[in-house]
Amino acid sequence: MRNVGLLLLLVLWPSGALAQEQPVVFRGATLYPISGPPIEQGVLVVRQGRIVAVGPEGAVDVPAGAVVHDVTGKVIMPGLVDTHSHIGRVEGGDRSAPLHPAVRTLDAIDVRHSSVHRARAGGITTVNVMSGSGHLLSGQTAYLKLRKGDTVEDLLYCRDPLREVCGGLKMANGTNPQGDPPFPGTRARAAALVRQQFAKALAYRRKVEQAAGDSTKMPERDLDMEALLDVLDGRRVVHFHTHRHDDILTVLRLRREFGFRVVLHHVSEAWKVADEIAAAGVPASIIVLDSPGGKQEASEIRMENGAVLERAGADVAFHTDDLITDSRWFLRSAALGVRAGMSAAKALEALTLAGARMLDLAGRVGSLEPGKDADFILLSGDPLSVYTHVEQTWVEGQKVFDRADPEDRPYAVGGADVFDDGDTFVHDH
Numbered sequence: 540m541r542n543v544g545l546l547l548l549l550v551l552w553p554s555g556a557l558a559q560e561q562p563v564v565f566r567g568a569t570l571y572p573i574s575g576p577p578i579e580q581g582v583l584v585v586r587q588g589r590i591v592a593v594g595p596e597g598a599v600d601v602p603a604g605a606v607v608h609d610v611t612g613k614v615i616m617p618g619l620v621d622t623h624s625h626i627g628r629v630e631g632g633d634r635s636a637p638l639h640p641a642v643r644t645l646d647a648i649d650v651r652h653s654s655v656h657r658a659r660a661g662g663i664t665t666v667n668v669m670s671g672s673g674h675l676l677s678g679q680t681a682y683l684k685l686r687k688g689d690t691v692e693d694l695l696y697c698r699d700p701l702r703e704v705c706g707g708l709k710m711a712n713g714t715n716p717q718g719d720p721p722f723p724g725t726r727a728r729a730a731a732l733v734r735q736q737f738a739k740a741l742a743y744r745r746k747v748e749q750a751a752g753d754s755t756k757m758p759e760r761d762l763d764m765e766a767l768l769d770v771l772d773g774r775r776v777v778h779f780h781t782h783r784h785d786d787i788l789t790v791l792r793l794r795r796e797f798g799f800r801v802v803l804h805h806v807s808e809a810w811k812v813a814d815e816i817a818a819a820g821v822p823a824s825i826i827v828l829d830s831p832g833g834k835q836e837a838s839e840i841r842m843e844n845g846a847v848l849e850r851a852g853a854d855v856a857f858h859t860d861d862l863i864t865d866s867r868w869f870l871r872s873a874a875l876g877v878r879a880g881m882s883a884a885k886a887l888e889a890l891t892l893a894g895a896r897m898l899d900l901a902g903r904v905g906s907l908e909p910g911k912d913a914d915f916i917l918l919s920g921d922p923l924s925v926y927t928h929v930e931q932t933w934v935e936g937q938k939v940f941d942r943a944d945p946e947d948r949p950y951a952v953g954g955a956d957v958f959d960d961g962d963t964f965v966h967d968h
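All residue numbers for the sequence shown refer to our numbering, where the first residue is 540 and numbers rise by one.
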């Protein structure tokens, strides 16, 4: 009877769980750990969704019974971390008010959408999905691990979205959130509305503290205020869309006044105020554009932004703002950064570990180190070459994209006709 029960357990147990019990080894590739120098003829050992060992051939023990993949001539680096994306047909606040702290993007993300598959095809394994920049505050972002899954809960980093912080908070200034009342209309009014909202949150916090746990004295529950207290208490990072140098400095003033943690996003004119950004100890998530056009306030964007921020000593990451940059082309951001003066090491870090730091996830992802999640990508060649393709994407030791698979390949190479589930136009690769 015991043998029958064991057989039944083996039949019903998920195949992925059994597969992860067996170590998987990739040998022969050049490894880019990001946390250290490249390793020629490297060995990567993965088991139960985690990295077990990383090192050169001969210095790493290959476990008995391991599945060994010979990937000689290839490159392996950590899965890419996209700090700013709009995949999954995400939605945020409406036009009833300029500030919507209570809105959660996780309630409006379609994880079965083709854009999620495109991101995997681009080598992205971790992504910060956020709503648009048409509001001063458009809602709470969601940090997703791009595992295979059918629901947003399958992809969320947090286990319980009702009790845990599952992302950051999206804010914006500049021209996008301006408009007719109740929207601010001017930059000065925009900053005033934000200050007023945070002052209200501080007052709400005082009432909670004064209640001292007495439910009869507690203020009425306010979801907007709860979200802002997550920010003020350091549990939630503000991801702030900002372009012009004066708008960037406004964000830094707001941060000084209220003490919240912030990541500057886009910062088209970062090159004008890089020293101020670095002195504030604030990280910057930038986009690299290689074609003209776009909004007027971004007209002075420079491809040298990454290099200038690196020289100033600021922490810098890249993002796609998908579909501004198609997720499938994210890898080339590093090459464009190097072309404009970034060091190769910092450019690759800007695709991986720097972004992980900005999402408070550096303890799990962003580099190839023992104990971290087995999120990595297999490349056909040099990660800084435009001729290099993402051949495979692995998340927690499971392959989630394979360019050689006929079902996966269209997400890497397909054009507009492939994506018919609500995407806007996707260029042919």
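Hints may be right or wrong, so weigh each one.
[Said to hold, decoys possible] PhoX-like cross-link-like pairs, simulated, lysine-lysine; straight-line CA separation at most 20 Å:
{"no.": "1", "residue 1": "Lys687", "residue 2": "Lys885"}
{"no.": "2", "residue 1": "Lys756", "residue 2": "Lys746"}
{"no.": "3", "residue 1": "Lys938", "residue 2": "Lys613"}
{"no.": "4", "residue 1": "Lys756", "residue 2": "Lys739"}
{"no.": "5", "residue 1": "Lys938", "residue 2": "Lys687"}
{"no.": "6", "residue 1": "Lys811", "residue 2": "Lys834"}
{"no.": "7", "residue 1": "Lys938", "residue 2": "Lys911"}
I should point out that these hints are in silico values taken from the structure, not numbers from a laboratory.
Which numbered conditions among the earlier hints are violated in the structure presented, ordered from lowest to highest?
1
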